[in-house]
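Chemist: Okay, here's what each chain looks like letter by letter:
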Amino acid sequence: MDTLGLLNYAIFMGVLIGIYALLSLGLNVQWGYAGLFNAGVAGFFAVGAYLSALFTAPPVPDRIMGWELPTGVGWFAAMAAAALIAWPIGKVTLRFRSDYLAIATIGVAEIIRLVLRTEDLLSGGVRGITGIPRPFGDLPYEWSQLAYLGLTWGMVVVIYWALERQLAAPWGRMMRAIRENELAAAAMGKNVEARRLEAFILGAAIMGLAGAVYVHFMRAITPEAIDPMMVTFLVWIMLILGGSGNNRGAILGAVIIWVIWSSSELLTDRLPAEIATQAKYIRVFVIGLMLQLVLRWRPEGLLPEGTHVRRSS
Amino acid sequence: MSGKPHSHRCCARDNIAPVVAKRERTMALLELENLVMAFGGFRAVDGVSLKVEPGTITGLIGPNGAGKTTLFNVIAGAYQPTAGRIRFDGEEITRLRTDERFHRGLVRTFQIPHEFPRLTVLENLMVVPPKQPGEQLWANWFTPGEVARTEAEVRQKAIDVLAFLELTHVMNERAGNLSGGQKKLLELGRTMMTNAKLVLLDEPAAGVNRTLLRKLEEKIQILNREWNYTFILIEHDMEMIEKLCDPVICMAEGKVLIEGDFATVRNDPRVLEAYLGETVHPEVEAAIAEIEELEIEEGNA
Ligand SMILES: Nc1ncnc2c1ncn2[C@@H]1O[C@H](COP(=O)(O)OP(=O)(O)OP(=O)(O)O)[C@@H](O)[C@H]1O
Ligand SMILES: [Mg+2]
Chain X
1 MDTLGLLNYA IFMGVLIGIY ALLSLGLNVQ WGYAGLFNAG VAGFFAVGAY LSALFTAPPV
61 PDRIMGWELP TGVGWFAAMA AAALIAWPIG KVTLRFRSDY LAIATIGVAE IIRLVLRTED
121 LLSGGVRGIT GIPRPFGDLP YEWSQLAYLG LTWGMVVVIY WALERQLAAP WGRMMRAIRE
181 NELAAAAMGK NVEARRLEAF ILGAAIMGLA GAVYVHFMRA ITPEAIDPMM VTFLVWIMLI
241 LGGSGNNRGA ILGAVIIWVI WSSSELLTDR LPAEIATQAK YIRVFVIGLM LQLVLRWRPE
301 GLLPEGTHVR RSS
Chain R
1 MSGKPHSHRC CARDNIAPVV AKRERTMALL ELENLVMAFG GFRAVDGVSL KVEPGTITGL
61 IGPNGAGKTT LFNVIAGAYQ PTAGRIRFDG EEITRLRTDE RFHRGLVRTF QIPHEFPRLT
121 VLENLMVVPP KQPGEQLWAN WFTPGEVART EAEVRQKAID VLAFLELTHV MNERAGNLSG
181 GQKKLLELGR TMMTNAKLVL LDEPAAGVNR TLLRKLEEKI QILNREWNYT FILIEHDMEM
241 IEKLCDPVIC MAEGKVLIEG DFATVRNDPR VLEAYLGETV HPEVEAAIAE IEELEIEEGN
301 A
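So the sequence lines, in the order shown, correspond to chains X and R. If you use the working numbering, the first sequence corresponds to residues 1 to 313, in order. If you use the working numbering, the second sequence corresponds to residues 1 to 301, in order.
Read the hints as simulated data drawn from the structure, not as lab findings. Among the clues, some could well be false.
Stretch-level coverage of chain X by chain R, calculated; a stretch enters the list once three of its residues show a Cβ under 8 angstroms from a Cβ in chain R [what the hints assert, rightly or not]:
#, region
1, 171-183
2, 192-204
Covered by chain X, per the in silico footprint, the following chain R stretches (three or more residues, Cβ under 8 angstroms) [as the list claims (entries may be wrong)]:
#, region
3, 107-119
4, 230-239
Just a sample of chain R residues kept apart from chain X, beta carbon distances all over 12 angstroms, derived [unchecked claim]:
#, residue
5, K51
6, T56
7, E123
8, N124
9, P130
10, Q132
11, P133
12, G134
13, N140
14, E187
15, R214
16, P247
Please read all numbers here as calculations on a predicted model, not as lab measurements. Glycine is no exception: its CB is placed at the ideal position from the N, C-alpha and C atoms.
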């Protein structure tokens, strides 16, 4: 690869890392703050991606939607749709033990994936949706990529800042208290169920946004893109490794894991074909091993939660 | 139960020590009607009916496993009772959630400390006060001034409570790192962060050192007399029960054995029998020894 190619590759990676950082931040709201085990990250990502695509892509004969609305509207719709899906799931499962949420979210994510694959009227089945507009898409290729990198990380910074503010507020303290000891939090007057639902919906909306950012970058989407392995599994590893409960940790985890994941792809692609297929599993193995090591030596992740002591003003 | 409805003044109590004619006949603050809490076939609470008058410190004693803590759990809403009704402050609360009961002025502590381990000691207290505006998701964006003002007040209150409990030096430690006794103090501290009407204290003295214990007793009396807190106090320390509590209720095997003043309860043969029924536990034996000691003291006087 020449220098320009390498640079392009780096920008491409940068955008994907930004998208993963958003997912990881969203999961941090749910797991890190509120202790909610969402095993269906891919589902909320998919809902956001498809919704934004349907709002902004040109119409296709024999299909509904395709409204060619501005991208901003699509992103907003993506967040709203992910939140709307999260609401009933949370409402039904959050009053039970935490494993119910895990099972329900896996189930719903799988249902969403299957619906998207088989359904033709809206999502275009396996063919997916194409022709999705991209902000700054009219610029020359390199500039367009660079501008989108800026936009993605702009979103990361805005979400990071907003979440940090929320976490430092009494809201964050209350959420962490609920996570730490549900019984005591209820005895101290916190409405555990309603507050968990709040965190669950907020996290889901951020995951939906990540889906939207992704879909306008790729300009096309097929059900292949929402592989639970690539989305749910990796995002969990990012958060645990980076340090759950810490927003900076969530972002750091996204950077580290994605760099390892994609650079190992570069390596395995050079292997002979018969080994290359097996090398895929080695990548998963390496990531798993890393997680084991981090959990052994730094159980709270690379950047632990810390104590949010604010200086008295 | 006749008489005037109990009037409560939630807002004034921060500023002035209310002088209330406590002894006038009022409606019971807490009323349990035939409460049953069964775990499978086992009835940990077996048909308890009792009344707690406002302004009292009611002692709740009984051997280990008598069902005292379970009764607290039912009153506070951690368990739904199998049968029976709970009235609090003139309102039926049997079906309310724990947090709804808290907001009506019913606050409890835990026998086994339930701190928030990864929050600091200060945060553990700051999280308690009800209706903090900053707990609303959007308040931090739309009314940051109000949030900051309340936050400063809450912080100051927490700092004062920590000073009283002599926990100032561990203020910024994670609560999970505290010693057992310190955690018990923190439990008590939480109740001081509220405007409670009724406080359920589950063995506040266990594991707390002697000097602080005397201060604790004092503080409970101050809260009771000047702030008009009503208490139910579970304790195995009979000295504390004698000093603070009137009436005293003795439970055994899920039932109320007897209710009366300390002397009456202590001298009741059924109480001794209940304690002697299971001498295996050292805590029970200690309690009996204490009762006997007190009896001897009284005999000498
Ligand atoms: N969740 C539960 N499930 C089953 N049994 C329970 C449960 N909670 C309490 N029990 C049983 O109920 C009985 C009463 O327990 P409880 O904790 O109320 O006793 P206690 O009077 O507080 O005793 P102690 O003085 O030792 O604290 C015990 O036999 C206990 O095993
Ligand atoms: Mg007990």
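Chemist: Each hint should be assessed against the structure and marked as holding or not.
Modeler: Quick rundown of the hints versus the structure:
no.: 1; hint: 171-183; result: holds (count 8)
no.: 2; hint: 192-204; result: holds (count 3)
no.: 3; hint: 107-119; result: holds (count 9)
no.: 4; hint: 230-239; result: violated (count 0)
no.: 5; hint: K51; result: 23 angstroms, holds
no.: 6; hint: T56; result: 22 angstroms, holds
no.: 7; hint: E123; result: 6 angstroms, violated
no.: 8; hint: N124; result: 8 angstroms, violated
no.: 9; hint: P130; result: 5 angstroms, violated
no.: 10; hint: Q132; result: 5 angstroms, violated
no.: 11; hint: P133; result: 8 angstroms, violated
no.: 12; hint: G134; result: 3 angstroms, violated
no.: 13; hint: N140; result: 4 angstroms, violated
no.: 14; hint: E187; result: 9 angstroms, violated
no.: 15; hint: R214; result: 27 angstroms, holds
no.: 16; hint: P247; result: 25 angstroms, holds
Hint compliance for this structure: hints 4, 7, 8, 9, 10, 11, 12, 13 and 14 are broken, all remaining hints hold.
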